[in-house]
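Sequences listed follow chains D, A, H, Z, F and Y, in order. First residue of the first sequence? That's 89 in the working numbering, and the numbers climb one at a time after it. First residue of the second sequence? That's 89 in the working numbering, and the numbers climb one at a time after it. First residue of the third sequence? That's 89 in the working numbering, and the numbers climb one at a time after it. First residue of the fourth sequence? That's 89 in the working numbering, and the numbers climb one at a time after it. First residue of the fifth sequence? That's 89 in the working numbering, and the numbers climb one at a time after it. First residue of the sixth sequence? That's 89 in the working numbering, and the numbers climb one at a time after it.
Errors might be hidden in some of the hints.
The list treats identical chains as interchangeable, and a pair is accepted whether it falls inside one copy or across any two copies.
[What the hints assert, rightly or not] 30 Å max Cα-Cα, derived DSS-like pairs, lysine-lysine:
1. Lys116 x Lys160
2. Lys138 x Lys120
3. Lys138 x Lys116
4. Lys201 x Lys120
5. Lys202 x Lys116
6. Lys106 x Lys202
7. Lys165 x Lys201
8. Lys181 x Lys138
9. Lys120 x Lys202
10. Lys106 x Lys201
11. Lys181 x Lys201
12. Lys106 x Lys165
13. Lys106 x Lys138
14. Lys120 x Lys106
15. Lys181 x Lys160
16. Lys116 x Lys201
17. Lys160 x Lys201
18. Lys165 x Lys138
19. Lys165 x Lys181
20. Lys181 x Lys120
21. Lys116 x Lys106
Since the hints were made in silico from the structure, they are not lab data.
Given next are the chains, with one letter for each unit.
Protein chains: 6
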Amino acid sequence: MIYITRRERFNAAHRLFKPDFTDDQNLKLFGKCSNPNWHGHNYDLHVTIKGEVNPETGFLVNLSSLSSIIRKQVIDKLDHRNINLDVDFMQGKYASTEMLAISIWEQLEPEVKKLGALLHRIRVQESENNYVEFFG
Amino acid sequence: MIYITRRERFNAAHRLFKPDFTDDQNLKLFGKCSNPNWHGHNYDLHVTIKGEVNPETGFLVNLSSLSSIIRKQVIDKLDHRNINLDVDFMQGKYASTEMLAISIWEQLEPEVKKLGALLHRIRVQESENNYVEFFG
Amino acid sequence: MIYITRRERFNAAHRLFKPDFTDDQNLKLFGKCSNPNWHGHNYDLHVTIKGEVNPETGFLVNLSSLSSIIRKQVIDKLDHRNINLDVDFMQGKYASTEMLAISIWEQLEPEVKKLGALLHRIRVQESENNYVEFFG
Amino acid sequence: MIYITRRERFNAAHRLFKPDFTDDQNLKLFGKCSNPNWHGHNYDLHVTIKGEVNPETGFLVNLSSLSSIIRKQVIDKLDHRNINLDVDFMQGKYASTEMLAISIWEQLEPEVKKLGALLHRIRVQESENNYVEFFG
Amino acid sequence: MIYITRRERFNAAHRLFKPDFTDDQNLKLFGKCSNPNWHGHNYDLHVTIKGEVNPETGFLVNLSSLSSIIRKQVIDKLDHRNINLDVDFMQGKYASTEMLAISIWEQLEPEVKKLGALLHRIRVQESENNYVEFFG
Amino acid sequence: MIYITRRERFNAAHRLFKPDFTDDQNLKLFGKCSNPNWHGHNYDLHVTIKGEVNPETGFLVNLSSLSSIIRKQVIDKLDHRNINLDVDFMQGKYASTEMLAISIWEQLEPEVKKLGALLHRIRVQESENNYVEFFG
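Looking at chain D on its own, in the form it has when it is part of the complex (with noise of 0.2 Å):
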């Protein structure tokens, strides 16, 4: 068994809040966080995969296969977007990282899968002092 990380990296705009709070009580819960005029990041995305080597080829995917999974569910849909306002697969759900990190995982689990591997660790790292993982 062998694991596979590619990178990938998009940058966009959110906010942390609960619809039903007021400004005030959201600035409680979610401290600066919950800018109502949003803030963002340059998100860090690592997608690890895992199978058997290919004995015909020497790698266990083509990377750019999973490249372009990755950029077709996942970075074309967050990359210069607001999370909270654009994004198909956030609609009704907290902008965190940790929501981030289990939305991408079942946006790209079934597709993972058609390459013949498994996902085995989505990594969402919203700055260089945190990060998230989420293994299903």
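Since chain D is already given, all that's left is putting chains A, H, Z, F and Y on it; use the hints.
Using the frame of chain D, we list chains A, H, Z, F and Y on its own:
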């Protein structure tokens, strides 16, 4: 003459657009950076000052004083904010990295002088692939 | 189950040595790390916790609460200190990266539990070439 | 149980290709990585070992011993070399990151055991966007 | 006057050698960089241009135009190539980082002028420990 | 004229203090950097030299010669040492980053000249947030 650089960081949302353009016109000129619902970045700010080493202390300026000035004049106004909507010193300007660098220079230049040093360079890094420098 | 990692940093002096060894014996066993006049590092600390996403907030724990705990229990005691001489929870122990990781685990494990999560991993990075991980 | 990771680096040329394929067939399967005149990378190698902390020394193994083993068994053979042509332990194999990770494991696993520890993970990073991990 | 830097990357093989030297003579002069079977690097290219901010757009040049020029004139010719054998603008030159920086300057200087800016600096980073800068 | 930068690293302990001050007075002036029991850093040293490319070799100087000089004149004296107590060229000086940069310049300037190049810049990075540059 010695040069000291202090790095600070801020996370902000922004949008590149001309107010008298339609969304389509802005999209043509600014690309995906014109998304009407905003996007965002983790910005790295490098502030370089210059001057003589103080023989009584062995340093140019006290770095925590420099850091306080940067935080008060720049970071507290930009961090977790919308550059177009929330930042007093960016009103009526494009929220480009170029205009950020020039405007941050204006915010810091007189304050650095009060510390007994000269502002030498403002560097604003918007992503791992792009940064802007302004020398006054 | 979701995993969140918070990075904090501390700068400290230390020395590797056995108190009942001569300087020459320590030099032979620990190399240049045994310098009697100390040396030091910029340490990177990565604290990984795990648990369920809170459906009321979209996050596992409030990251600023986690950061506060790490600062109070660990960083304030280690930063700009001598690990051998100044740090209560390192008394009577080797000031190795291994012992740091284990001791930081002990400092944080009960506090993370009070936040409603579980400590998963302590990672202490001493240089760009070496790091230690402890999982309890 | 404690885990220690040592990073070493090597710069090497390689090519991905099937010897019984034409250049065009290889181009179709391996893309630009099949360039007949080779290309190359700065590889980062992370070697993670595990074991108990030695109560007599406060460390798992002497890191300079670990570094020596990695240099002798792996780096000296790969650094500033052509992976396909110059490296004894890569003969008859694809010069992929996957096969590198598996082959480096085989080079190091018995040597780490002699140090009194167990090899836990080999991680080979080919670029800032891709890395492979092998756990035996 | 404002300065903007764009980073691009390329992975390439090369060899340092004098064609009229024996392998032993080249080994003595260039060390392991003279390996006859080539070695390679992940190169980081930083292109810095300068000029006035366009008051109609808030930027110096459109960064995607700059990126396109760099890719067409430089990256497409170097990436996944052998610098000595495959690159038209390196023919008859040493494949050193110094000569790469000078040659990339020549490739880009007239094209940047067409964009309405001036080329200020080419920086080529061969490894985390070495880089070369050329200012024309 | 071409510029080449070589990075080397050293890990050292130090303390900022005036010998004729009490600990309290030093604490007031230098903050936590005055801890009487020392603290320490992983220092990054960037040495930039300049000159003409040698048409016989394609390089400015042999980088391994430059690295040897830096190691002999600077790194071997600073690495795993106490800057205040152990380093001959820092005696009687403040162990500040500013004084380090100036003193390292003095150590290297004549030696670089012997290599046939000119020293252009010393950059000493004390942490990811601070660095000092000296140009002679």
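How the hints compare with the structure:
1. Lys116 x Lys160: For Lys116 and Lys160, only the inter-copy Cα distance (22 Å) is at most 30 Å; the intra-copy one is 37 Å.
2. Lys138 x Lys120: Between. Shortest inter-copy distance 24 Å satisfies the 30 Å Cα cut-off; intra-copy 38 Å does not.
3. Lys138 x Lys116: between (41 Å within a copy, 24 Å between copies)
4. Lys201 x Lys120: This pair counts as between: shortest inter-copy Cα distance 25 Å, intra-copy 39 Å.
5. Lys202 x Lys116: between (44 Å within a copy, 20 Å between copies)
6. Lys106 x Lys202: between (37 Å within a copy, 24 Å between copies)
7. Lys165 x Lys201: Answer is within: at 21 Å inside a copy they meet the 30 Å cutoff, but 35 Å across does not.
8. Lys181 x Lys138: Both: 28 Å inside a chain and 20 Å across chains, each within 30 Å.
9. Lys120 x Lys202: between (41 Å within a copy, 24 Å between copies)
10. Lys106 x Lys201: This pair counts as between: shortest inter-copy Cα distance 26 Å, intra-copy 35 Å.
11. Lys181 x Lys201: Both, since 25 Å and 26 Å are each at most 30 Å.
12. Lys106 x Lys165: Classified as both; 23 Å inside a copy, 24 Å across copies.
13. Lys106 x Lys138: between (37 Å within a copy, 23 Å between copies)
14. Lys120 x Lys106: both (14 Å within a copy, 28 Å between copies)
15. Lys181 x Lys160: The answer is within: 21 Å in one copy meets 30 Å, while 33 Å across copies does not.
16. Lys116 x Lys201: between (42 Å within a copy, 23 Å between copies)
17. Lys160 x Lys201: Only inside one copy: Lys160 and Lys201 sit 15 Å apart there, 36 Å across copies, limit 30 Å.
18. Lys165 x Lys138: Answer is both: 25 Å inside a copy and 28 Å across each meet the 30 Å cutoff.
19. Lys165 x Lys181: both (15 Å within a copy, 28 Å between copies)
20. Lys181 x Lys120: Both, since 19 Å and 24 Å are each at most 30 Å.
21. Lys116 x Lys106: Result: close within a single copy only, 11 Å intra versus 35 Å inter.
The structure agrees with every numbered hint stated previously.
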